[in-house]
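K.L.:
Sequence:
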Amino acid sequence: MNNNIHDIVELQEDVSHSPLYSNDLAPVPKFKRTWNKWNLAAIWVGMAVCIPTYLLASYMIKTGLDWLEALIIIGLANLIITIPMFLNGHAGVKYGIPFPVIGRAAFGTKGIHIASVTRGIIACGWFGVQTWIGGLAIYAIFNAVTGSQGELGLSIGKFIGFAIFWFINIYFIWKGTESIKWLETYSAPILIIMGIALIGWSYSKAEGFSIVLQQSEQLDNIAASVSEKENVLFLDLNVLHDKEGNLKADEYQISVGDIKTEWETIVPNAINISEYASLNEISEGNKSIQIQFRNTSAIPIIESSVVTAVIVDSNENKPNSKLWTYLLWLTAMVGFWATMSISIADITRYASKQSDQISGQFIGLPGTMILYSFVGIFVTSAAVINFKDVLIAEDAPWDPVSLIAKFKNPVVVVISQIFMIIATLSTNIAANVIAPANAFSNIMPKKISFRMGGLITGIIGILIMPWWLLNEISGFLIFVSGLLGPVLGILITDYFFIRKKQVALDELYKEKGIYSYKNTGFNKAAIIALFAGVFLALIGYWLPALNFLYSLSWFTGFIISSCIYYILMKNNTHHSNLKTRKCQF
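Numbering (the numbering used here), first residue to last: 1 to 585.
Simulated from the structure, these hints should not be mistaken for lab results. Just so it is clear, CB atoms sit at the ideal spot from N, CA and C, and this is done for glycine as well. Be a bit skeptical, because a hint or two may be false.
Unchecked claim - Derived CB-CB ranges, DEER-like:
no., residue 1, residue 2, range
1, L79, I196, 17 to 27 angstroms
2, K570, T520, 34 to 44 angstroms
3, T296, V117, 56 to 66 angstroms
4, W38, Q253, 52 to 62 angstroms
5, Q290, K524, 56 to 66 angstroms
6, K388, V117, 50 to 60 angstroms
7, D389, K446, 54 to 64 angstroms
Stated by the list, open to error - In silico EDC-like cross-links for lysine to aspartate or glutamate, where the CA-CA straight-line distance does not exceed 16 angstroms:
no., residue 1, residue 2
8, K406, E394
9, K388, D242
10, K512, E13
11, K243, E207
Put together the whole structure using the sequences plus the hints.
P.N.:
Written out as structure tokens, the structure reads:
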């Protein structure tokens, strides 16, 4: 890739009268290409440092992977997604145009709305969720300063915090992209320092890296499970140990419905697979049993949360192969940034050199994801040692909010929550505002500006009511995000293999230009490839025999749509005619 700024293509024809043109969607001129590799790296640091990143490795550890396996998968997945990230960002640098505009070449001037609006709606959902999280941080600061006790459930204070954080986001949207660059550039070092400080705190409390990481082996075990073999129930307990190897709980109690046993002493040498005779008597056919643990040597007595153990037939346990588990998590980790890989041109259009967007993304994305995933592992593992009230893995502070809640010092709480606000704001603005603002602006360029598109994003973020749908919408959004692999496959195939990185820039802004596809506005090849990729990625959801296609949905959709699009476009008569038209390179 040539890095010469003279390779930047600019408009040669006045298309400002076109309804497809606006100042916000127009190519960024050379003199406004002010983002270098460090700005791009900073924006990735700002996006990658967020609560979901912190939680990624912990989710993997809970499924049986060790901390090193989790980090390797996260690192590999982010190296994989960075490749299409800079490939799709190439057009942004060369032509200075955002994703909805470059996407007109592949999907058509109207067809691009299917991909861009879908991507935009997903971002709106995440905007609402992240804004609610930021509002909760503001609410926590208020409680720490005033000495108030936070209320459970919804409250006026939480809605006020949400409103304040919403207006902070809107401020940066209204100030434009230069203010966003400023925010990301200055928040990046703060967020890196925060991560290093958390590691330092955990190390000093536990007195050693190896001691801390050894605790991660305890966190992949559920606190209690019950298995049935030959009509006899067996109880498997997994209480955490301190760094000296002593059990952190000394008693447990079993309950089924209203029936409770007496507190029983945990025998250290017989804690695993211990037969509990009376369990058969109290279960009476119930398939779930509640178990609680406590430490009676502490004053006052420390009790764990109540965990539920479902009775399973031990003869039916058939664990998945480790390789399959690796592939499932690799797909999930690649899909984590699937939405950004589609709209990355929205950001790279402000860079002047290909080398800047490539190195900036490689510096900022994989490294930050690995670092903050490690922070999550290290701090959570250290909590096993640092906090006496963490008796079982389920009570470990897997997320920063739970961690901060364990500190009583208001100064520590306020500083920590300020870091949370910075991390959430930088992620929200870069990942969840720029793309939908451009997508909505592209629907009616003459009437909807970037500012207005950003405001629409904010309003939709309120309308989804994230305070009620926080848990449900996250699963839904991740599900939909995984289906965007086909869009990325079509974009990259079209730009690199069909058009050989050559696009008629002026034509992208013409209603009846070559990218209107015979004035229909839709490229049938792209639409067919898109729906074929989505269908094959989804079909495994309903057909168990094809579940592997759904489990690997991002790869499935990307590969299928890429291949179908290439085949349909390779010998397309209309495309052959396009190549004879004058293009401005």
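K.L.:
Against this structure, judge whether each hint is valid.
P.N.:
So, going through the hints one by one against the coordinates:
{"no.": "1", "hint": "L79 with I196: 17 to 27 angstroms", "in the structure": "holds, 23 angstroms"}
{"no.": "2", "hint": "K570 with T520: 34 to 44 angstroms", "in the structure": "violated, 20 angstroms"}
{"no.": "3", "hint": "T296 with V117: 56 to 66 angstroms", "in the structure": "holds, 59 angstroms"}
{"no.": "4", "hint": "W38 with Q253: 52 to 62 angstroms", "in the structure": "holds, 56 angstroms"}
{"no.": "5", "hint": "Q290 with K524: 56 to 66 angstroms", "in the structure": "holds, 57 angstroms"}
{"no.": "6", "hint": "K388 with V117: 50 to 60 angstroms", "in the structure": "holds, 51 angstroms"}
{"no.": "7", "hint": "D389 with K446: 54 to 64 angstroms", "in the structure": "holds, 60 angstroms"}
{"no.": "8", "hint": "K406 with E394", "in the structure": "holds, 15 angstroms"}
{"no.": "9", "hint": "K388 with D242", "in the structure": "holds, 9 angstroms"}
{"no.": "10", "hint": "K512 with E13", "in the structure": "holds, 15 angstroms"}
{"no.": "11", "hint": "K243 with E207", "in the structure": "holds, 10 angstroms"}
When held up to the earlier numbered hints, the structure conflicts with hint 2 and nothing else.
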